[in-house]
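S.K.: With chain A held as given, fit chain B onto it using these hints.
Taken in order, these protein sequences are the chains called A and B.
Residue numbering for the first sequence follows this note's numbering, starting at 2 and increasing by one per position.
Residue numbering for the second sequence follows this note's numbering, starting at 3 and increasing by one per position.
Just so you know, these hints were derived from the structure itself, not from any lab.
Be aware that a few hints might be false.
Result set (BS3-like, lysine-lysine): computed pairs, CA atoms no more than 25 Å apart in a straight line [stated by the list, open to error]:
#1 A:K11 to A:K21
#2 B:K118 to A:K11
#3 A:K209 to A:K68
#4 A:K147 to A:K254
#5 A:K232 to A:K209
#6 B:K112 to A:K67
#7 A:K147 to A:K40
#8 A:K209 to B:K4
#9 A:K40 to A:K21
#10 A:K232 to A:K254
#11 A:K240 to A:K223
#12 B:K205 to B:K142
#13 B:K118 to A:K67
#14 B:K194 to B:K142
#15 A:K240 to A:K254
#16 B:K205 to B:K4
#17 B:K112 to A:K15
#18 A:K11 to B:K112
Have a look at the derived ranges for each label pair, beta carbon to beta carbon [what the hints assert, rightly or not]:
#19 B:G70 to A:G244: 24 to 32 Å
#20 A:H262 to B:G196: 41 to 49 Å
#21 A:R9 to B:L184: 20 to 28 Å
All C-beta atoms in this analysis are idealised placements derived from N, C-alpha and C, irrespective of residue type, glycine included.
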Amino acid sequence: MPPGTLLRGKWHGKTYRLEKLIGLGANGQVYLATSNGYKCAVKLGLDAADLQGEANILAALDHAEKKRRPFLLDVDDALIGGREVPFYIMRFVPGVPVNAFLQKHGAQWVGVVGYRLLERLVQLHEAGWVFGDIKSDNVLVGEYGKLELVDYGGMSAIGRSVRQFTEIYDRGYWSAGGRTADAAYDWFSVGMLWLHALDRKRLLHLTKTLLPQNRNPEELMKLVRSNSRLKPLESWLEKAFSGRFEDTRDAAKQWREAVQHPQKSKSQASGQVPVWMASLFAAAVVLSLSVAAVWLFQ
Amino acid sequence: MKQILLITDGGSNVGDSPVVAAAQAYAEGITVNVAGIVDEGTIGEYGATEIAEIAKAGGGISRIVTSGQLSRTVQMMTRQTIAGSIRQAVNQELRQLFGVENVGALPPTKRSEVVKVMEEMEETMSLSVALLIDASASMKPKLHAVEEAIRDLTLSLQAREGKSQVAVFHYPGNSMDEICVLDSEWTTYASKIGTLFGKIRMKGTTPTGPAILQAVDYIRETCGNISSEPMDARQSSARSVSNGVRSDYVV
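Bound-form chain A, shown alone (with noise of 0.2 Å):
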């Protein structure tokens, strides 16, 4: 739909203007848009159930969360070249998908975005929700890696199945574990999301190449031992793939101790001889046996 276009809503009478496109997903388009002046983000779907069943999830999120500013401000119908568009109306997020916050800013802030996911993920799994389709679209970074989760399509209550979910992120798809929502199949994403921002060419060769049948943790586990940057959060990873966390809690306890203090692979890297020292001493010798050869020969 083009710039410029004026939503008018037919029950709540509220008007909004589309900007730009920001998003498109399976059941609907999300646009930036302006009512008032005030920035929002709007949803346009085909189906009204479908999209109701969206706000919902964000009405009851609000109402878990009634601290914060709401997500989810409006919901109504608008009349678009003679057709009835069901939408709803949600706050604007700043930010940028984890990876392009990565790939601009380096991956030192692996440690402080990492930290502020698994606390988002602590309020909603302690409210009894879990997000479900984490994946670097879905995980906004702004500015000092300040974070907020969008699309909440696969937001489902504990111990219904997960409703929305990305396939390489998925605990079933790598034979982890069922579809049933609990914590751990989003501690399990959050181990992907990492594998996919820190690793992204060998996973997507991995999924290509590894048959369904051989699809387990210990492949991912094969990645993350042979990466240096992985290699830090190795047991941190293990756990997440394996779902042997306490809680979410603890999932964030042991991520913080993990990303700051990485000594033990440093501590073992300098018990290491450098190659290029262990080659220099090598050469010496070499030579120093030539010299005393020749000098025996003499």
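M.R.: Only chain B this time, still in chain A's reference frame:
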């Protein structure tokens, strides 16, 4: 709710018409969905038309996809069919009780309440899906993808709160009078589905129609008498709106 999910790569060539068989299934309260696999080349106009017709007669959805997309497609079709039939039933009630055309015609606050009920039903209603796999010669390279899709679907259904079960058939059978073979009886757990198509001797014939009828027999015998679901019974009297509604969610 009962569904048959047919996975095939082309037209039937033996026995009763699969379109008539699917219509019979639908008349007995079983929805028929069809996934057509096309990898190299095309599925052919005849095959594509037949796939669409089978789904239409069976009250379901059809999709033509590559084997790489099969897992996702199968899940999506199964979910949409559940959601679609609940939506149909709910719209029916809304028409009779409030005189509105569908959920979308309600004001957003009321809509919100109705959608909550619909989602509750989607999650909790019991579901039986009989998978019917075309194992004629040309399907051989695709059977790995099919097995993977079956496992993946079962894993998703297993997570639902309502009772879910899956059975698997392939056709043609091993002899002339065996139309199709039951590979896995009703099961809820993905782990219980062993290797499915290890020892199949691929044959050329594709008796899709007779195979559908046999799956219907199996469902009737194992799930007790299927009373047509109320929405199916009423559908005929409900003008022809139901068609319009159905195509609404089949995007």
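S.K.: Now look at each hint and say whether the structure bears it out.
M.R.: Hints and how they fare:
no. : hint                         : result
1   : A:K11 to A:K21               : holds (22 Å)
2   : B:K118 to A:K11              : holds (22 Å)
3   : A:K209 to A:K68              : violated (44 Å)
4   : A:K147 to A:K254             : holds (18 Å)
5   : A:K232 to A:K209             : holds (23 Å)
6   : B:K112 to A:K67              : holds (23 Å)
7   : A:K147 to A:K40              : holds (19 Å)
8   : A:K209 to B:K4               : violated (34 Å)
9   : A:K40 to A:K21               : holds (11 Å)
10  : A:K232 to A:K254             : holds (18 Å)
11  : A:K240 to A:K223             : holds (14 Å)
12  : B:K205 to B:K142             : holds (10 Å)
13  : B:K118 to A:K67              : holds (21 Å)
14  : B:K194 to B:K142             : holds (23 Å)
15  : A:K240 to A:K254             : holds (13 Å)
16  : B:K205 to B:K4               : violated (29 Å)
17  : B:K112 to A:K15              : holds (19 Å)
18  : A:K11 to B:K112              : holds (15 Å)
19  : B:G70 to A:G244: 24 to 32 Å  : holds (28 Å)
20  : A:H262 to B:G196: 41 to 49 Å : holds (46 Å)
21  : A:R9 to B:L184: 20 to 28 Å   : violated (57 Å)
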